[in-house]
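Asks: The chain contents come next:
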Amino acid sequence: MKRTDCVFCSIPFIEYYLPAAAPAVLKGHLQSKGFVVKTFDFNISVKEKFEGDELVMASAYFQLNRPKSKFHDKLLIKIDNLIDEWVEKLLSVKPRFIGISVFSNDSRRACEMLLDKLKEKQHDCKVFIGGMGVQEEWLDTVRDKIDYYIMGEGELACENLLKGNTEFKGINGRVDQIKDLSSLGPADYGDYDLTPYETFYQDRKVVQITGSRGCVRNCTFCDINSHWPSFTWRSSESLIEEIRRTYETHGISDFFFTDSLINGNLKVYMSMVEGLANFNYENKANITWGGQYIVRKNKNLSKDYFSLTRDSGAYNLALGVESGSNSVLEHMRKGVTREDLDEFIENFDRHDITCMYLILLGYPTETDADFKKTLDLFHDHQKYVASGTIHGTTLNTTMAIYDGVPLANIEPKVFVRDKSEDSSWGWTSTIVPTLDWEERLRRRVVAQEVCDMLKWPTISADREFGQLAKKQENYALWKKGITSTNIDLQPDVSQLS
Amino acid sequence: MREQQSIRFTVDHLSTRNILSIEMTDKSSKDTVLDDGKIVKDKKLKIVKLLLDDVDIKNYIYQGRQKPIYHHKNQGPKTTISDQLFFNGRWKLYYENPARLFLAKYHGRGQKINLPEKQDTKNRYVKQVIASINLHNDKQYR
Chain A
2 MKRTDCVFCS
12 IPFIEYYLPA
22 AAPAVLKGHL
32 QSKGFVVKTF
42 DFNISVKEKF
52 EGDELVMASA
62 YFQLNRPKSK
72 FHDKLLIKID
82 NLIDEWVEKL
92 LSVKPRFIGI
102 SVFSNDSRRA
112 CEMLLDKLKE
122 KQHDCKVFIG
132 GMGVQEEWLD
142 TVRDKIDYYI
152 MGEGELACEN
162 LLKGNTEFKG
172 INGRVDQIKD
182 LSSLGPADYG
192 DYDLTPYETF
202 YQDRKVVQIT
212 GSRGCVRNCT
222 FCDINSHWPS
232 FTWRSSESLI
242 EEIRRTYETH
252 GISDFFFTDS
262 LINGNLKVYM
272 SMVEGLANFN
282 YENKANITWG
292 GQYIVRKNKN
302 LSKDYFSLTR
312 DSGAYNLALG
322 VESGSNSVLE
332 HMRKGVTRED
342 LDEFIENFDR
352 HDITCMYLIL
362 LGYPTETDAD
372 FKKTLDLFHD
382 HQKYVASGTI
392 HGTTLNTTMA
402 IYDGVPLANI
412 EPKVFVRDKS
422 EDSSWGWTST
432 IVPTLDWEER
442 LRRRVVAQEV
452 CDMLKWPTIS
462 ADREFGQLAK
472 KQENYALWKK
482 GITSTNIDLQ
492 PDVSQLS
Chain B
11 MREQQSIRFT
21 VDHLSTRNIL
31 SIEMTDKSSK
41 DTVLDDGKIV
51 KDKKLKIVKL
61 LLDDVDIKNY
71 IYQGRQKPIY
81 HHKNQGPKTT
91 ISDQLFFNGR
101 WKLYYENPAR
111 LFLAKYHGRG
121 QKINLPEKQD
131 TKNRYVKQVI
141 ASINLHNDKQ
151 YR
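Sequences listed follow chains A and B, in order.
In terms of the numbering used here, the first sequence is numbered consecutively and its last residue is 498.
In terms of the numbering used here, the second sequence is numbered consecutively and its last residue is 152.
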């Protein structure tokens, strides 16, 4: 059997809606350079193995990222067996290189476990890791089990690694951002079975596509700009060409953008939606596309903005709404207000453009009154759920503050971390002293009850509450002083206002 | 009714199950003028926009049904689904009060995220979280 140049795998936890893009993106580019590449989506194997009652806890196991969390022995044995299966699959294709895609902090636990298992096995493969979850503060945990790591965009670094140019900038360091996205080979999802994913699109095959990297905004809670300091984008012509080719060769008409935001560059965006709308008119193709989207001020939009967005096939756009409070939005640097959102969603409703809301509860400056404004938003915009314009909302697992987000470095500090097991979650606001983990959890429950009452569908609420329940279990143990981490019960209160 | 008109009305009787009816009356075969087999003039009623409790029911509208009273036997299907009435007869649309909640439920019914087993799982963990908050706090959640 001929050796595979490289095998890439994605690992849990990532939501189960679509296959992870990174392995397919890297495979596509490396194949365009003549390498033989294979990909595995091990994230979805968790869903396949634990579908049913165990899935929520199996997902939480990987997501919690803390070995002290207690889980049933039966579950732990099954997880251990699953990782053995991953190792077998990786080695079965006889790769020269094994690349593990660490999508976020939520994938670190799986990565550590997989690396441990690989270390136990006899093989001569070089192992490397990459992805947004690979950050300096975590690298020491895994450094002795890997040969290389890549921080930032992987295409050119992987290409050079496979060519043996290990001195290339970005191998064992941070890569320079790729400026010309159009020069990269197209993604290849050929190794994936698309059926197990929890897609919104019933019985339809969805292909992912990348139009841009980075973001035009610099929200305080988001670390995108630390990974992609510049906002780069592909030309609308190359995007339309990729969509047209996929449609004509595979008959696939549903696309999902992996971008942090689709409408970041208005000029390119308008050119793209106009081109896709024309393609739909001329070919009756019914192309649809979705992905993350930002609310924009109406005054900045052309008169055709909404009609072309509709006619190009926009579907279930994920709007980063975050909060119903203008003061919270301002501190977040969202660049829009509640009134802008009102106008934007009204236009969506008028033009039959569907969407969902991404909400972030428990931001450090969120007072009780601010929180109530978010609840008011659910009441006020319920009519758009009733009209079918809003498909639902993700309420998430409340505000976590990771080291890489701008908020972590803003002075004066608006939060202090406590000494519970995971201080990304365990922190108290210095602006709203009552806003600690338990208060955020309480607000998450209240928001859920309001959404349930108003029939707002809440996406992933089952898994989110499974994870929250586990976190709360750990937090309560710490608070009671049972665990050894109980050095200080409360944060340093001297900074609280 | 002539040309485009807006009608706004309030229903005082707030029973749960309701039928909204729109009826076409007084159309005769003389209202349809043919020229060489093609309709050159006709009378029809088109529902341009329908709002229930201020909600534009542009998608739900196609749940409405009409049993047209045709001019001739076997002129068309027994029941039609359309936002246009070309023949006499009542177009009926079922809805429940409160309308907004009913419509939201209608739109969410096909989503995988709303499957009963997912709801059950979520509710089980919500209860667990509330119990834990209450156990470890003086201030009770409820």
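FYI, nobody ran anything at the bench for these hints, they're computed from the structure.
Bear in mind that the values here come from a model prediction, so they are computed numbers and not experimental data.
For glycine and all other residues, C-beta sits at the position ideal for the given N, C-alpha and C.
Incorrect hints may have been included.
[Unchecked claim] Now the in silico label distances, taken between C-beta atoms and shown as ranges:
#, chain 1, residue 1, chain 2, residue 2, range
1, B, Lys137, A, Thr368, 24 to 32 Å
2, A, Asp377, B, Lys137, 24 to 32 Å
3, A, Pro230, B, Ala141, 56 to 64 Å
4, A, Lys414, B, Leu60, 25 to 33 Å
5, A, Glu249, B, Asp64, 42 to 50 Å
6, B, Val50, A, His251, 18 to 26 Å
7, B, Pro126, A, Leu267, 40 to 48 Å
[As the list claims (entries may be wrong)] Listing some non-contacts, in silico: residues in chain B with all C-beta distances to chain A over 12 Å:
#, residue
8, Gln14
9, Ser31
10, Ile32
11, Asp63
12, Ala109
13, Lys122
14, Ile123
Asks: All hints, please: hold or fail.
Replies: Hint check results:
1. B:Lys137 to A:Thr368: 24 to 32 Å: 28 Å, holds
2. A:Asp377 to B:Lys137: 24 to 32 Å: Holds - the Cβ-Cβ distance for aspartate 377 of chain A and lysine 137 of chain B, about 26 Å, lies within 24 to 32 Å.
3. A:Pro230 to B:Ala141: 56 to 64 Å: 45 Å, violated
4. A:Lys414 to B:Leu60: 25 to 33 Å: 53 Å, violated
5. A:Glu249 to B:Asp64: 42 to 50 Å: 44 Å, holds
6. B:Val50 to A:His251: 18 to 26 Å: 46 Å, violated
7. B:Pro126 to A:Leu267: 40 to 48 Å: Hint holds: Cβ distance 43 Å, inside 40 to 48 Å.
8. Gln14: 17 Å, holds
9. Ser31: Holds, since 21 Å exceeds 12 Å.
10. Ile32: 19 Å, holds
11. Asp63: Violated: least Cβ distance 8 Å, not greater than 12 Å.
12. Ala109: It is violated; alanine 109 of chain B is separated from chain A by about 7 Å at its closest Cβ, not greater than 12 Å.
13. Lys122: 6 Å, violated
14. Ile123: 5 Å, violated
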